[in-house]
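> Use these hints to put chain B onto chain A, whose structure you have.
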Amino acid sequence: MSKFDDTSMTSRRFMQELRRYQKGSVSRRHFLGVTGLGLATAVLGAAVPGLKPRPAFAAEDLGDTLNFTTWPNYFAQSNLDDFTKKTGVNINVSVFGSNEEMLAKLQAGGTGWDVFVPTNYTISTYKGLGLIEPLDLKRLPEFDASSQDPRFVGPGTVDGTIYAVPKDWGTTGYVINSDKVKGEMTTWKQFWDRTRGDLSGRVMVHDYQLTTIGNALKYFGYSFNSIDPKELADAEKLLIDSKPHLFGINSDYQPSMRNGDAWMSVCWTGDASQLHRDIPAMQYVIGREGGEIWTDFYAIPKDAPHRNAAYAFVNYMLTPEVNAKEILAHGYPSTDAKTNALLPKTVLEDPILYPAKDLLANLEFGAAATLTNPMRAEIMNRFKSA
Amino acid sequence: MTIAAASSRRTTTALLVGPAAIFFVLLLILPLVVVVIYSFGERAPAGGYAPAFTFANYADLASRGKAFLNTLTLAPLGTLLCVVIAYPLAYFLALKASERWRTLLLVLVIVPFWTSQLLRIYAWLLILGHKGIPSFLALIGFDDVRLINTPFAVLVGMVYGYLPLMVFPIYVSLEKLDRRLLEASADLGASPWRTLWQVTLPLSLPGIATGSLLVFILLMGEFIIPAFLGGGKVFFIGNALVDLFLQSRNWPLGAAVSLGLVAIMLVTIVIYMRFVLGRGGDRRVALM
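Top line first, the protein sequences correspond to chains A and B.
Counting in numbering that gives the first Met the number 0, the first sequence runs from 0 upward without gaps.
Counting in numbering that gives the first Met the number 0, the second sequence runs from 0 upward without gaps.
This is chain B alone, in the form it adopts within the complex:
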């Protein structure tokens, strides 16, 4: 290879990668550095950040333990519920729905996204509030049932809000599925359930994994849904962060809490990829 060719290739590479690299450095790396620096600082007298070097903010993370716990139980649970509800829907859309209806049905899945998320959460506020579902329950003898401002309400909101993000990746992976494998499985005497369990499900694992990661990461950082449907009772790390920055103005502790969240996410995601994706790969090999 000539020197000219090599340098022109370098130029091409720089042009291709450059914009993304600048974007990442300016909008991800630099802000992250600022957050790390802040996390060792002190709260300024009137709130905000004052330079210092202390680990006090990290030592104080335990004081937000309940918020971490709420986030770490409800976000995975919400993700799991999304999978359980989205899978049959995606299966139906990919394998059972007729060509004529499929596009329309897919559009219907995404239609709710066309209105503001805030508006849709407000609607749930009314549905789960005293004059909503509880008033119907009262008619059949269950008085004073309280749904709003409970973990249940937050879960409903999360599943409702993020279901489409789970349906689409699973749908795509099922749609690509080689139907001959299903026929082969049936020819070899497997029951429909066994085919689902040993052929369809393993082959659609990448879709489940993509959808789960998407939903899980967003749920971990969620704060609007717990704020509205949890009413200050079901507090997420996202809510603690909003409060630390926008009410109590303790930026250093806020920075430490947000880095704590990032650390937990990284660990969870790595474990998740190892186990779920790793096993999916094994099975695929075993199938062939």
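Next up, chain A with everything else stripped away, as it sits in the complex:
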């Protein structure tokens, strides 16, 4: 918005300067000095939309803005920059900590989002509440259902209609700084016991009901998705007991892990890859008891103000060459065989991205009921207030 205001201000001033120059009241040198040649070109470009360079997408008007809502550390900036270069569409990125937060914003309305990244278990609810629109697959030629791994695409389809296309998939385990955390760590039981033991004050959990409550449930061997009141009460007790021993509650835990404040944190695949890539002592653990496996999707909200740009962007991100660069940057595995064909073997055999079969076997996809379950919402809130 402010950008637009600036441009219109400048174009007015530009015209004034131009008139002064034409009338001869200022020199050509003054005119160029005041406006700046580059600025003048930009203003002319803004005043005449046809002059904007948009080679690849010349057929439709994409506008100049796209509001993209996603998760921390979850995209390759170079891809976004390339998209802007190609299309003239500037991307505003906002980052969220939980699906519940995204839902709350969408329910409140007027988000201005064009593309967002919901997780598998939320899509049926968004559809039910009429917050997302069915995708026009004709406008997403890069989406090829036949090259997608069938384990991961299902939740994007509700009642036979595709509402979301897969971005990537991953797991939720925990990361340890093995310089500080000694001894073998393989389970959620160890995670919570050592949080309240020798690692007191050094552990982080997500600001996110699904994973924080889910992995507390795993301590007792309950389902990650439980909404049973008794099981949830056990999980709440564990969480409240552990609260004084936590370093913090935050879904963006990389900064604290990197600078040494935190030594262990509930963690998603890609954050573990990124941390391990930079600091080899950072290791990823998937609890033997289980935990979460998930798929994230691209979806378009019903009131998206820049729909054309949204489709162009999603299609661009699904292009295997672009997607491969994404995977290399954020370190989450792709659902798309065509993308995988472009990735080096080291990535495709990375145990952080592709955990052993026996560990994967115990993981659960998040269940839709957890998103709107009032008990889980309330427990998370009480845990944070405790």
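If you want the ones that stay clear, here's a sample from chain A, every Cβ over 10 Å from chain B, calculated: (1) Lys-84; (2) Lys-181; (3) Pro-228; (4) Leu-327; (5) Leu-341.
A few chain B residues that face chain A, going by a derived Cβ cut-off under 7 Å, partial list only: (6) Arg-42; (7) Ala-45; (8) Lys-65; (9) His-129; (10) Asn-148; (11) Gly-230; (12) Gly-231; (13) Lys-232; (14) Ala-239; (15) Asp-242; (16) Leu-245; (17) Arg-248.
If you're looking for bench data, these hints aren't it; they were derived computationally from the structure.
Each residue gets a CB set at the ideal place from its N, CA and C atoms; glycine is no exception.
Relative to chain A, chain B alone:
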């Protein structure tokens, strides 16, 4: 007075008061009514508000007791620290600094406000984080000191963020101070400390009161500083509210909690005005 004059006076009054009244009704009274209505409602199945009439939300306020407690200890403590730190600074600026430097120094007090509050809090995140002050403490033998995500960190952030709001009112009240009273006090044999305690301080109480109210009210509603420097460990009512509306989507409980906060603020402020302002008034009378 003629009827015409009276009606024209009424028109003037309406014109003067009208805009403010409309503003208050639309942006304060009506939203407050909505909040009161919501506070008796129920959480809708997918979150939000569903009409009902229940006191359950008020009965549930105790479940946020820790957040109320954190707010009610750290906000007054932060206010007090602001007074203690701001007073000498304001005193220096008003009574000791030379005319030449005063304006520049006053501007310096407010310069930090020119950058985004978020940016300044991020800076504290780094200063108090493991690679900041704790790494210096480690050099002199205090290993693994943790400052970030503690009440201390939140206090530092609050005092840093709100100090200028305390400095200015105190400065104004000290600057207006009649210097002859200080001379009279000295002539009558009072030590400088006694003059400060019995003359300067009581006369600058209105400034302290204004600054304290400003800072206290803002601190009670603070949520950004505890969110960043408290890391989910030092939770304020403001944070509970953000969560209730933006995560767990329990608007009715959120409405009840926010009214609870308003009630506490009103009571605290009334008590505060009675005692602090009341006593200040007495002393002034006694001085004359």
